[in-house]
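Residue numbers (the numbering used here), protein chains in the order written: chain A, 1 to 289; chain B, 1 to 838.
Hints are not guaranteed to be accurate.
[Unchecked claim] Once the Cα atoms are required to be at most 30 Å apart in a straight line, the calculated DSS-like pairs of lysine-lysine come out as:
1) A:K93 x B:K236
2) B:K361 x B:K372
3) A:K108 x B:K242
4) B:K288 x B:K306
5) A:K108 x B:K236
6) B:K774 x A:K63
7) B:K774 x A:K93
[Stated by the list, open to error] Rough simulated footprint, nothing fancy, chain B against chain A, three-plus residues with beta-carbon under 8 Å:
8) 66-80
9) 205-213
Calculated directly from the structure, the hints in this document are not laboratory data.
All C-beta atoms, glycine included, are put in the ideal place defined by N, C-alpha and C.
Spelled out from the first residue to the last, the chains are:
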Amino acid sequence: MTAEYRAGGTDLMERRASGRSTGHIIDLYDQGLRSIEPTPDGGFRIGAMVTVDTLATDPVLAKAYPALSKTAGSLATPQIRRAATVGGVLLQKTRCRYYRNEHYECLKTGGTGCPARDNPGERAVVLDVGPCVAPHPSSVALAMLIYDAVAEVDRSPSRRVADLYSDGARDHLLEDGELLTAITLPPPVEGERAGYKRAISRASAEWPLAEAVAHLTVRDGVIIRAGVAVGGVAAVPLRLAGVEQALTGQPPSEELFTRSLDWTAAFPETAYKIPLAETLIRDVLTQAL
Amino acid sequence: MRLTFNGGSREHDPAPDDTAAEVIRTAFGATGTKVSCGAGVCGACTILVDGEPKVSCLLPAAHLDGTSVTTVEGIGGDHPVQRAFVELDALQCGFCTPGFVTEATAFHDRWREDREGVPSREEVADALSGHLCRCGAYENILTAVQKACAGAFDDREPIPARVEAPDKVTGAAEYTVDVTLENMLHGAIVRSSQPHARVTFELPEDSVRLLEGDIVRYTGQPIAAVAAGTLEEARKIAHALKISYEPLPSVVDPDEARRPDAPVIFDQNERKNAPSSAEGAGFPARWKGNVRSGYPSAWRGRTARKRLDAARERNAPGYFAATFTTAGQSHTALEPHASVADWRADGLTLYTSTQGLGHIKAAVAKRWSPPKVEVIARHVGGGFGAKLSLGTDAVAAIELSRKTGHPVKVEMSRAEELTDTGYRPGTRTELRMLGTPTGGLAAISLDVAGHGGVSTGSMVATLGLMMYGRGPRHFRDRDIIGNAPPASPFRGPGGPPFAWAVEQGVDEIAHRLGADPLKLRRTWDGNLRRRALYEIAEELPLWRERPIGAQTGRFRRGVGVAAANWIYTADVDTKIEITVRDGRIVARTATQDIGTGVRTVIRNAIRDVFDDAEIVVELGHSGAPHGPVAGGSRSTASVGPAARDAARKLADHLDGKPVSEAEGVTVVGQRPKDKGGSAVPVSMDHMRIGRGLAGAVHMTEVEVDTLLGHTRVLKVWGGIAVGTVYSRQTARNQCEGGIVQGIGYALYEERITDPRTGVVLSANLEDYRLPGIKDTPEMTIHFHEDGWDHVPGGGIGLGEVCTISVAASVANAVFNATGFRPLDLPIRPDRLLEGMPR
Chain A
1 MTAEYRAGGT
11 DLMERRASGR
21 STGHIIDLYD
31 QGLRSIEPTP
41 DGGFRIGAMV
51 TVDTLATDPV
61 LAKAYPALSK
71 TAGSLATPQI
81 RRAATVGGVL
91 LQKTRCRYYR
101 NEHYECLKTG
111 GTGCPARDNP
121 GERAVVLDVG
131 PCVAPHPSSV
141 ALAMLIYDAV
151 AEVDRSPSRR
161 VADLYSDGAR
171 DHLLEDGELL
181 TAITLPPPVE
191 GERAGYKRAI
201 SRASAEWPLA
211 EAVAHLTVRD
221 GVIIRAGVAV
231 GGVAAVPLRL
241 AGVEQALTGQ
251 PPSEELFTRS
261 LDWTAAFPET
271 AYKIPLAETL
281 IRDVLTQAL
Chain B
1 MRLTFNGGSR
11 EHDPAPDDTA
21 AEVIRTAFGA
31 TGTKVSCGAG
41 VCGACTILVD
51 GEPKVSCLLP
61 AAHLDGTSVT
71 TVEGIGGDHP
81 VQRAFVELDA
91 LQCGFCTPGF
101 VTEATAFHDR
111 WREDREGVPS
121 REEVADALSG
131 HLCRCGAYEN
141 ILTAVQKACA
151 GAFDDREPIP
161 ARVEAPDKVT
171 GAAEYTVDVT
181 LENMLHGAIV
191 RSSQPHARVT
201 FELPEDSVRL
211 LEGDIVRYTG
221 QPIAAVAAGT
231 LEEARKIAHA
241 LKISYEPLPS
251 VVDPDEARRP
261 DAPVIFDQNE
271 RKNAPSSAEG
281 AGFPARWKGN
291 VRSGYPSAWR
301 GRTARKRLDA
311 ARERNAPGYF
321 AATFTTAGQS
331 HTALEPHASV
341 ADWRADGLTL
351 YTSTQGLGHI
361 KAAVAKRWSP
371 PKVEVIARHV
381 GGGFGAKLSL
391 GTDAVAAIEL
401 SRKTGHPVKV
411 EMSRAEELTD
421 TGYRPGTRTE
431 LRMLGTPTGG
441 LAAISLDVAG
451 HGGVSTGSMV
461 ATLGLMMYGR
471 GPRHFRDRDI
481 IGNAPPASPF
491 RGPGGPPFAW
501 AVEQGVDEIA
511 HRLGADPLKL
521 RRTWDGNLRR
531 RALYEIAEEL
541 PLWRERPIGA
551 QTGRFRRGVG
561 VAAANWIYTA
571 DVDTKIEITV
581 RDGRIVARTA
591 TQDIGTGVRT
601 VIRNAIRDVF
611 DDAEIVVELG
621 HSGAPHGPVA
631 GGSRSTASVG
641 PAARDAARKL
651 ADHLDGKPVS
661 EAEGVTVVGQ
671 RPKDKGGSAV
681 PVSMDHMRIG
691 RGLAGAVHMT
701 EVEVDTLLGH
711 TRVLKVWGGI
721 AVGTVYSRQT
731 ARNQCEGGIV
741 QGIGYALYEE
751 RITDPRTGVV
761 LSANLEDYRL
771 PGIKDTPEMT
781 IHFHEDGWDH
791 VPGGGIGLGE
801 VCTISVAASV
811 ANAVFNATGF
821 RPLDLPIRPD
831 RLLEGMPR
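With the rest of the complex left out, here is chain A (with noise of 0.2 Å):
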């Protein structure tokens, strides 16, 4: 069994305890990456180890990046930010309830099968793009790919952050003993605002069904930079490229806003989702405006 990281520990201590993880630990508690520095071209390099509750709460960076900040409050509870950094935020296990279930194998414990293709639920995938039908947990993954964020990783070039999945076989696609270091995030738009926004039961504290997350840039009346993505449907965080451009060079409305999925659920448990999907990239961009 190989080694494991250990960064704030709020996945990784679950699984020590269900027994889905047996191997070394690599504690990160003191490598430093905690930092938040300004970059040369205007942006920031945010350390590994840097907390959600920080994400959420420092308030030069809900400045420059309002959907992340929005993002990052909005997960989990106050105490799990606290301690939840966001290298582990990005590199979290999946919460599928099969593979958190020792009684279980499946393809992300060495398995053959999927236990939940046969019985999805209403929280499983819309899209199916990989075996997993899971969808990916990391919330704060959606902001950073709407914003372009890069990974630093230690033993490879720097990649972007959209490049850490892209793959519903893995949870990301760091080789074994990689170490996320850092994310930069580009230069601040200034004017961006943004609209977070998640589809639970309960008030707060709950994995979503559905999550979508916006930046929209409006000058003149018209939008001139757009970045949306949406949680809870795919076994990866899906940025949706095709309703960015729309939006682009348009003055907003809503009209504008309200998109239409051209999406076919894998699942007849997860139809839902689409509408819900919609609602919610609809509340957001009224958010951000």
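With chain A held as given, fit chain B onto it using these hints.
Coordinates of chain B only, in the frame set by chain A:
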């Protein structure tokens, strides 16, 4: 590592997998910090790390190096938040309280530093949103934090609303999970990984067999228990124990289990061994395959069915038929089932998290006959019906202690707790009703199948004998047996699923007849106490201003109402012993406080006679005179009158002299008989069913986001008719908790069992969703106190009646808002979105 712990310096060398919570509880011996979900969801384990609240159950112990840690013990006892919690009754069982207090003090201190005035309800709820309270004491928690922030408790001692509150807000209250004895071993349970199989295995040393016979009938069934020096070691040994399974055909899903060709789970000889989820004896029944059908309970049953058939034929406007379903509901007490057994030559001491220590004592004596038995439950972190009988934890701890000669502790993990410590059975109800606007309920029929896994005893339909007058009626209860864990009694057994179907049925008929649902109930319902509640409810602005007719728009508001009743029971043999010790009145009885406030009921009953004496209430030891089981809403009507009787006896003895004159004097109070006798003139296990039914009416306002399928409960009015209330603050708190639990049942909670493997998938608090502080509505509780003069003390218990009709009132409010009739519980967003008329 080196750290500052509650002001002192500590060194410790943690293992890589050690959590901060484990080190704090075990190595540092500070058991105020509780571990409940083990997954960072419930917040019971919250500690301050350099002033920041964090969950310690997921925090690696190594991350404490160089920090300053404060736990609830380190906060002291005089913090304004603690004082506010004590005086404003911001707790019930108290197991979540250290976490809430720790987080709230951090919030308070920050608020007072940076801000002025009172934080809003929303601000407090946001700050505390990472904490769960299964008792549902959120309303008082919100108020307490607001008042503390406003400075109301800066410079005065609180007046405790609840006798034991000071111990619960400081972490001093000792629960079974906190008990550590010298040379104690830890036990772990070996469980079946198969839904149905014949098993063979060899036991290692320091282990005991738990399985009777050689057949396991559900995944998770206890097979054996092993003991070792630490819990980790014990779990390792349990995990490594080789069980050979010879698989037998299995069926988990009730819809498949009821089919004639399904594999049979209990053959004729084994049926009597099926566990029961009923409180008490259960009902006689006939078996066919996996279907166990009770005999119909009917009143002019043939007429009922004839009328219903005819009404269906002619499409009568007051006829309604539908199939309702409810999911299984897990009790999820935040303190898991746990026991510490110390078996010695001269007798057994059993610490156990129980609702019935007297009952446990009798069961232990009968099963093992030790020379003597003492059962101890000083504080119990919630029960809700799951801790009424001798459980796997107690059996394993006793057997292992007897075998090893050491004290042994057995504590359920959250996954074990959510898998195999019982649940409210799921149900499928065929309801048929015929109503008339003025003439009453013309006919009703219910056929209810209970889904309690391998257990029998679902009783839902039969409760219809108690509701809505004496019109013709036909009721039948069945159990569909499947290869899934057994159910158990849960707060008002059968009541919530009954109300889910019948109270929606009444609402639907009112809608179809164009009648006012409250007026219709008042016409149909002969119960005087509930009729009084209807009359008050009809005048509420919430009702008078409710929306009528179809709504458009995304957010729709609706108001719904539902009613409930429950039998009145009391433990007629209850005795309260009073001794004057050091000038104080010390009351004792063999019962336990699971968070319902029974200590406070006893104190208040004594205080009615001695209004300025210091009163101490000592509960939680089986050696005290006989006291009630905390079940069937019986505690208040049992201990209240007995305590008052004891106080009057002491007063007679004193004959006007001060209490200090009676130092060392002991008197024993008994529960006087009801005027006019009881409804059933025999006792069952000390309990008697009295005359009259407790009543409740709930009125609920919701707002539905029709695009996201989200239902938010805005307001709930609860009218409760249980006579005189002994302890107003704790009673109101319990009624509010009943509402919160009812909202959880209606909207979030869903026990999910994999249909093929029988594995319970909702075995953690992320997948099994309890209502949180931000889901708490504005609540108003109204007590109607007339009508119980025949009961000594004039009042009865309310623990069950206060929750039964809540979920149905939520459903009726959703219907009022959207036109969607939620037949399936819980009302999940996906169901709402798919079911809503477009």
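Against the structure, the hints:
1. Restraint check: the Cα-Cα separation between K93 of chain A and K236 of chain B comes to about 24 Å, which is no more than 30 Å; the hinted pair holds.
2. A hinted pair counts as satisfied when its Cα atoms are at most 30 Å apart, and K361 of chain B with K372 of chain B qualifies at roughly 10 Å.
3. This hinted pair checks out: K108 of chain A and K242 of chain B have alpha carbons roughly 26 Å apart, not beyond 30 Å.
4. Pair hint K288 of chain B plus K306 of chain B holds up; C-alpha atoms about 27 Å apart against a cutoff of 30 Å.
5. Distance check on the hinted pair: K108 of chain A and K236 of chain B sit about 23 Å apart at the alpha-carbon level, within 30 Å; holds.
6. Note on K774 of chain B and K63 of chain A: the hinted pairing holds, with a Cα-Cα distance of about 27 Å set against a maximum of 30 Å.
7. Distance restraint check for K774 of chain B and K93 of chain A: the Cα-Cα separation of roughly 27 Å lies within the 30 Å cut-off, and the hinted pair is therefore satisfied.
8. With a threshold of 8 Å between beta carbons, the proposed coverage of the segment 66-80 of chain A by chain B holds, since 5 of its residues qualify and at least three are required.
9. Counting residues of the segment 205-213 of chain A whose CB lies closer than 8 Å to any CB of chain B gives 4, which reaches the minimum of 3, so the coverage claim holds.
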